[in-house]
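Novice: These are the residues of each chain, in order.
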Amino acid sequence: MRHLLRKLGFYAVALWAALTVNFAIPRMMPGDPVEIMLSKMGQKGPVTVETRRAIEALLGSDSSRPIWSQYADYLAGLAHGDLGVSLVFFPAPVSSIIGQTLPWTIGLIGLATIISFLTGVGLGTLAGWKRGSWTDNLIPVTTMFQSVPYFWLALILLFVFGSIWPVFPLNGGYDVYDVTPGWNGRFLGSVVYYGTLPALTIIISSIGGWMLGMRNMMVSTLSEDYMITAEAKGLRPGRIMRRYAARNAILPSISGFAISLGFVVAGSIVTEAVFSYPGIGSALLQAVGGNDYALMQGVFLIITLSVLGANLIVDLLYSVIDPRTRVTS
Amino acid sequence: MTGKLTAGLVIAVPIALFGLLGPLVVQDPSRVDDIGLTAPAAGHLLGTTQTGQDVLAQLAYATRGSLIVGAVVGVLTLLLSGFFGIVGAYAGGWLDEAFSLFINVMLVIPGLPVVIVISAYLPDRSLLLVSLVLAITGWAGSARVLRGSTLSLRNRDYVLASRVAGEKRWRIILVEILPNLVPLLASQVVFAVIFAILGEAGLSYLGLGASESFTWGTMLYYAQNGLALRLGAWWWFVPPGLLLALFGAALALINFSIDEIIDPKLRNQTRAARRGWRMSREQLRRAREVTL
Numbered sequence: 001m002r003h004l005l006r007k008l009g010f011y012a013v014a015l016w017a018a019l020t021v022n023f024a025i026p027r028m029m030p031g032d033p034v035e036i037m038l039s040k041m042g043q044k045g046p047v048t049v050e051t052r053r054a055i056e057a058l059l060g061s062d063s064s065r066p067i068w069s070q071y072a073d074y075l076a077g078l079a080h081g082d083l084g085v086s087l088v089f090f091p092a093p094v095s096s097i098i099g100q101t102l103p104w105t106i107g108l109i110g111l112a113t114i115i116s117f118l119t120g121v122g123l124g125t126l127a128g129w130k131r132g133s134w135t136d137n138l139i140p141v142t143t144m145f146q147s148v149p150y151f152w153l154a155l156i157l158l159f160v161f162g163s164i165w166p167v168f169p170l171n172g173g174y175d176v177y178d179v180t181p182g183w184n185g186r187f188l189g190s191v192v193y194y195g196t197l198p199a200l201t202i203i204i205s206s207i208g209g210w211m212l213g214m215r216n217m218m219v220s221t222l223s224e225d226y227m228i229t230a231e232a233k234g235l236r237p238g239r240i241m242r243r244y245a246a247r248n249a250i251l252p253s254i255s256g257f258a259i260s261l262g263f264v265v266a267g268s269i270v271t272e273a274v275f276s277y278p279g280i281g282s283a284l285l286q287a288v289g290g291n292d293y294a295l296m297q298g299v300f301l302i303i304t305l306s307v308l309g310a311n312l313i314v315d316l317l318y319s320v321i322d323p324r325t326r327v328t329s
Numbered sequence: 001m002t003g004k005l006t007a008g009l010v011i012a013v014p015i016a017l018f019g020l021l022g023p024l025v026v027q028d029p030s031r032v033d034d035i036g037l038t039a040p041a042a043g044h045l046l047g048t049t050q051t052g053q054d055v056l057a058q059l060a061y062a063t064r065g066s067l068i069v070g071a072v073v074g075v076l077t078l079l080l081s082g083f084f085g086i087v088g089a090y091a092g093g094w095l096d097e098a099f100s101l102f103i104n105v106m107l108v109i110p111g112l113p114v115v116i117v118i119s120a121y122l123p124d125r126s127l128l129l130v131s132l133v134l135a136i137t138g139w140a141g142s143a144r145v146l147r148g149s150t151l152s153l154r155n156r157d158y159v160l161a162s163r164v165a166g167e168k169r170w171r172i173i174l175v176e177i178l179p180n181l182v183p184l185l186a187s188q189v190v191f192a193v194i195f196a197i198l199g200e201a202g203l204s205y206l207g208l209g210a211s212e213s214f215t216w217g218t219m220l221y222y223a224q225n226g227l228a229l230r231l232g233a234w235w236w237f238v239p240p241g242l243l244l245a246l247f248g249a250a251l252a253l254i255n256f257s258i259d260e261i262i263d264p265k266l267r268n269q270t271r272a273a274r275r276g277w278r279m280s281r282e283q284l285r286r287a288r289e290v291t292l
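As you go down the protein sequences, you meet chains A and B in turn. To convert, note that position 279 of the first sequence is 279 in the UniProt record's numbering; the numbers rise steadily by one, no gaps. To convert, note that position 169 of the second sequence is 169 in the UniProt record's numbering; the numbers rise steadily by one, no gaps.
Just so you know, the hints here were simulated from the structure itself, not pulled from any lab data. Quick caveat: nothing in here was measured; it's all calculated off a predicted structure. Ideal Cβ positions, reconstructed from N, Cα and C, are used throughout, including at glycine. One thing to keep in mind: the hints can contain errors.
Output of the computed footprint for chain A on chain B, the stretches with three or more beta carbons under 8 Å from beta carbons of chain A [said to hold, decoys possible]: (1) 108–117; (2) 172–180; (3) 193–203; (4) 233–245.
DMTMM-like cross-link-like pairs, simulated, lysine to aspartate or glutamate; straight-line CA separation at most 20 Å [as the list claims (entries may be wrong)]: (5) A:130 to A:50; (6) A:130 to B:157; (7) A:7 to B:97; (8) B:4 to B:167; (9) A:7 to B:96; (10) A:7 to A:322; (11) B:4 to B:260; (12) B:168 to B:157; (13) A:130 to A:231.
Looking from chain A toward chain B, a few residues come up when the C-beta cut is under 8 Å (computed) [claimed, not checked]: (14) 29; (15) 152; (16) 308; (17) 309.
Working from the sequences, and respecting the hints, build out all of it.
Specialist: Quick look at the structure:
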């Protein structure tokens, strides 16, 4: 219980830090984002007093109000889910744009990360178990792919499978002409078809890390005493590998999820840019391109919160599979 | 000197030299000419861009730019992660708690979105500024690794002995603990350099990199905007990407060999390596059974 509270306390602090960073960045930077946004917004349509106030609370204004009351306004606005109005997609509120784009990204990153994690850990287990076999020789190859930048790999994949052999579509999230979005087979099939290349990019670039980490932990675990005990008991090699070695070797991979998820999110923003995928990374870049600071702050906040949430889930899961962490020293 | 280290150095050193010395001999990378998009030929060894700029000249300056970013971020990461990782873990108590909390919070906040947002607010970005932002968002992982090692080192007998002998704190950290962390620091710095060069390339590719300067990422950005891919101008977009991938891979190889120095358990056990030990076929067969 104490362990759980400690974890929740940490994530509360991290959440507060993320909110504060989101609050501080626009205020620390040179220039006046509020004026830039409002003047552009005025060209698109009338700006109401409420809109102006929401944007000021979000981005800060040069009015003489003390910073603490601005902070209180900002937090109150967030508590109501009020992220302001988007400029690029005027007059849609930022929250509705995030609602439209977030499922795409979560689906893409989520599935790609799970596939990459499972395959990488599986291959890493085999490579560590049979050191010197062909899977072990695969490791340098996958780590090469890891040092290839995401967008470069995406461009090459797009060039090969989109232009030279037109097997996969060039961009987009689904077939916008023939398919209507909804829970039907044709739409889902189209989504899978359009998502293959972006997902492949993420999987190829991230699989090496999982594989190498798992392989190295397997090698360390194999020299533990309980491995000899298991062997002396005459257990089948497959059982020793899965229940004794892999079960213990996987722990750092899971706790290393926090670090890797940040990289995957970063990579997927760039990947989405290459494939014009209708996810949250594209929304962020559109916001940046159009000086849409409200959308930018909102997207940044949501990305950070999603990563925090995913980490919290992994952390809680970790204390289930590794009972040692629940014991307070 | 292992094979990995040799291979890494053979790739990385020429690229570094190209970045150091190349800009001294090539022409002005921004000079516009009326021979746009010509394939590699004698006058322009790597062809020209859409506006007739020499790709080789751009590549030389871009290599220099990317290496500067890598070097600056490497040094800053060394300082930041060393300070927060080692000092906190050695001091213990509330300082360690506070530093550790700070490191973990920095770690879970994803880096690139922060960098994108900060870059979006700054109209003029120098190469140093981009490096600074990349370093601030990227040091936490190294700090956590260093903290873990320092925690195990600070309770070793020889450290306790020097504490009993009345040595000053800064001396214990610098003389007793730091030398044992050097291999780990080296591998973390190499990792930070890879991260920085790739991160800068991604940022530049999105059009948010340093303005008015050449890096591998900005070259790819201009190639993409100039429709190099669509027009089949491979000499424009392949060289920067290839150098990026090769340099990253070379640093990764160097990092592996450092890791193997730190942890001998990780040393290569492949059949090829065993053949290098001049084992007979019979011995090889037995060794395979042992590793199973």
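Novice: Return the numbers of the hints above that this structure violates; sort them in rising order.
Specialist: Result: hints 2, 5, 6, 8 and 17 break, sorted rising.
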